[in-house]
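Engineer: Okay, here's what each chain looks like letter by letter:
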Amino acid sequence: MIRFENVGLRYGIGPEILRDVSFHIPERSFQFLTGPSGAGKTSLLRLLFLSLKPTRGNISVFGRDRSTISRSDLPLLRRKIGVVFQDFRLLDHLTTFENVALPLRVRGREEASYKADVRDLLDWVGLGDRMHVYPPVLSGGEKQRVSIARALIEQPSVLLADEPTGNVDPPLARRLLKLFIELNKLGTAVVIATHDLSLMEQVDSRRMVIHDNRVEIYD
Amino acid sequence: MIEELLRRAGADREKAAKSFRRIMPDGKANPILPSTTVSSRALTLVVAIMTFLACLTLGSVILVNRTAETWQTQIAREATIQIRPAEGFDMDAALEKARQLADTFDGITSASIVDRAATARLLEPWLGSGLDIDSLPVPRLVVVTIDPNSPPDFEAIAATVAREIPNASFDSHRTWVDRLITMARTTALFGTGIFILVLAATVLTVVFATRGAMAGAGHVIEVLHFVGAKQSFISRQFRHRFFLIGLWGATAGGLLASLLFLALRFWGDANMAAPEADQAAALFGQFSLGLSGYSATLLVILAIATLTGLTSQLTVTAFLQDLHDGETK
Numbered sequence: 001m002i003r004f005e006n007v008g009l010r011y012g013i014g015p016e017i018l019r020d021v022s023f024h025i026p027e028r029s030f031q032f033l034t035g036p037s038g039a040g041k042t043s044l045l046r047l048l049f050l051s052l053k054p055t056r057g058n059i060s061v062f063g064r065d066r067s068t069i070s071r072s073d074l075p076l077l078r079r080k081i082g083v084v085f086q087d088f089r090l091l092d093h094l095t096t097f098e099n100v101a102l103p104l105r106v107r108g109r110e111e112a113s114y115k116a117d118v119r120d121l122l123d124w125v126g127l128g129d130r131m132h133v134y135p136p137v138l139s140g141g142e143k144q145r146v147s148i149a150r151a152l153i154e155q156p157s158v159l160l161a162d163e164p165t166g167n168v169d170p171p172l173a174r175r176l177l178k179l180f181i182e183l184n185k186l187g188t189a190v191v192i193a194t195h196d197l198s199l200m201e202q203v204d205s206r207r208m209v210i211h212d213n214r215v216e217i218y219d
Numbered sequence: 001m002i003e004e005l006l007r008r009a010g011a012d013r014e015k016a017a018k019s020f021r022r023i024m025p026d027g028k029a030n031p032i033l034p035s036t037t038v039s040s041r042a043l044t045l046v047v048a049i050m051t052f053l054a055c056l057t058l059g060s061v062i063l064v065n066r067t068a069e070t071w072q073t074q075i076a077r078e079a080t081i082q083i084r085p086a087e088g089f090d091m092d093a094a095l096e097k098a099r100q101l102a103d104t105f106d107g108i109t110s111a112s113i114v115d116r117a118a119t120a121r122l123l124e125p126w127l128g129s130g131l132d133i134d135s136l137p138v139p140r141l142v143v144v145t146i147d148p149n150s151p152p153d154f155e156a157i158a159a160t161v162a163r164e165i166p167n168a169s170f171d172s173h174r175t176w177v178d179r180l181i182t183m184a185r186t187t188a189l190f191g192t193g194i195f196i197l198v199l200a201a202t203v204l205t206v207v208f209a210t211r212g213a214m215a216g217a218g219h220v221i222e223v224l225h226f227v228g229a230k231q232s233f234i235s236r237q238f239r240h241r242f243f244l245i246g247l248w249g250a251t252a253g254g255l256l257a258s259l260l261f262l263a264l265r266f267w268g269d270a271n272m273a274a275p276e277a278d279q280a281a282a283l284f285g286q287f288s289l290g291l292s293g294y295s296a297t298l299l300v301i302l303a304i305a306t307l308t309g310l311t312s313q314l315t316v317t318a319f320l321q322d323l324h325d326g327e328t329k
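Residue numbers (our numbering), protein chains in the order written: chain D, 1 to 219; chain P, 1 to 329.
If we strip away everything but chain D, and leave its shape as in the complex, we get:
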């Protein structure tokens, strides 16, 4: 589904922060992306999310070569990739419900057609009674769940999560992890970037470890 071949990345004229990265993210797969802080986890996620172009190497996304994807095609491809940002990126002037529904709204969908789905999803992430609330009054954990719900609403083929449990307590972290596993069982490939070892120990899954600017895969 997403394939990296000898990918290298550098910002400007700085040193290469990712070097000779090669891996494949198959459909319905589940993997953790880990490494020390500053190792390049977020940069790798940005490459996966098409928000960066590699300095060298090839990336193929849903059968398309990254270098040939035009600016106008990016929004369409991004709809197949759900992202949970580390800093949530919620819009403060929209309610929880509206933030989650945003990806559908920008596609021009009528509210009546997605109202029930958004409501159910919010209920599922435990925010059924918080859908009228605006982000500034939500806790970090609640914002995280809104962000996850927004990433899931379009039923993406792959979900990328950047430190999704970084702002929640261990019980909620376990619940969120369970949510990702359930999602994966339903057919969505999941990539979770984290440096939380206890989280990774709860699931026996593939691990992509960034070490010395290279990615090592442990199946």
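Treat the hints with care, as some may be off.
Said to hold, decoys possible - Distance ranges between label pairs, derived from CB positions: (1) D:140 - P:222: 19 to 25 Å; (2) P:324 - D:110: 25 to 31 Å; (3) P:212 - D:6: 44 to 50 Å; (4) P:222 - D:110: 24 to 30 Å; (5) D:133 - P:314: 33 to 39 Å; (6) P:204 - D:211: 50 to 56 Å; (7) D:110 - P:267: 52 to 58 Å; (8) P:314 - D:110: 28 to 34 Å; (9) D:204 - P:222: 33 to 39 Å.
Hints in this document: simulated from the structure, not taken from any laboratory.
Note that beta-carbon positions come from the ideal geometry of N, C-alpha and C, so glycine has one too.
Here the structure of chain D is known, so what remains is to put chain P in place on it, guided by the hints.
Structural biologist: For chain P alone, kept in the frame of chain D given last:
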């Protein structure tokens, strides 16, 4: 998928539905862009002030141009035959002959003698009242009214008058008319120049104020971009929002300027013949913009609103281009 997830999570769908209906009544969604911010209110005010100034300048230019044209037309419509007195000269006969002679030319609609009383009134500021016109060698005038659409041959009239009537000369006021035309054109050019400057200042102010108001919207554009919104969708949202902000501000400014002109017109009408109103009327004519003036004001309003919308659209495009360039680096 959601159904399946719910089943697994064991969520109470009915409870969620009830909660939803209570807090999210139909059709009450917030707009995708924040509706009012301090910067958008400031932009409305800036647009209103600049539109007010632009419309005020435009209205003044229209009034001055119209008055300049009126001066020009009024003076061009008249000419005079001047007859100087001389010893033993029959002035009355000469005046009558001059009047009849003038009437024979095409392009002259009427000719009338300025009688003794009118001549005395003309000289009153210099010679005082109670003047006996016959006791002084005062030149006399025949006023000739000209058809401005087909003016006569001034040179032929001048030659005929000089030949037929002794001591008479024809003054077509050409020198004055030419000077007034030059002055009117200079005034019009000057006014248009000022209007262009004000318009340029308005355009720049509106552009910078719009960009300033959008400075805080970067995160909104970014989020919309990342959730898969097309550039056309994001641009449309901003263009629409900022067009409305521009329209609201420009309408307020344009309306205020129009009301000011209306108030001045009523003031002029109410004080007709009062010295201050006469002075103002001499400079600006009647304070009536007319249909063309109000149409021009409407055009300025629409142009400024469109400019605000387009600026926001261009800013969004530039922001997305930067984002894309960052993505491709």
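Engineer: All the hints need checking, so say for each whether the structure fits it.
Structural biologist: Hints and how they fare:
no. : hint                      : result
1   : D:140 - P:222: 19 to 25 Å : holds (20 Å)
2   : P:324 - D:110: 25 to 31 Å : holds (30 Å)
3   : P:212 - D:6: 44 to 50 Å   : holds (45 Å)
4   : P:222 - D:110: 24 to 30 Å : holds (25 Å)
5   : D:133 - P:314: 33 to 39 Å : holds (35 Å)
6   : P:204 - D:211: 50 to 56 Å : holds (54 Å)
7   : D:110 - P:267: 52 to 58 Å : holds (55 Å)
8   : P:314 - D:110: 28 to 34 Å : holds (30 Å)
9   : D:204 - P:222: 33 to 39 Å : holds (36 Å)
Hint compliance for this structure: every hint is met.
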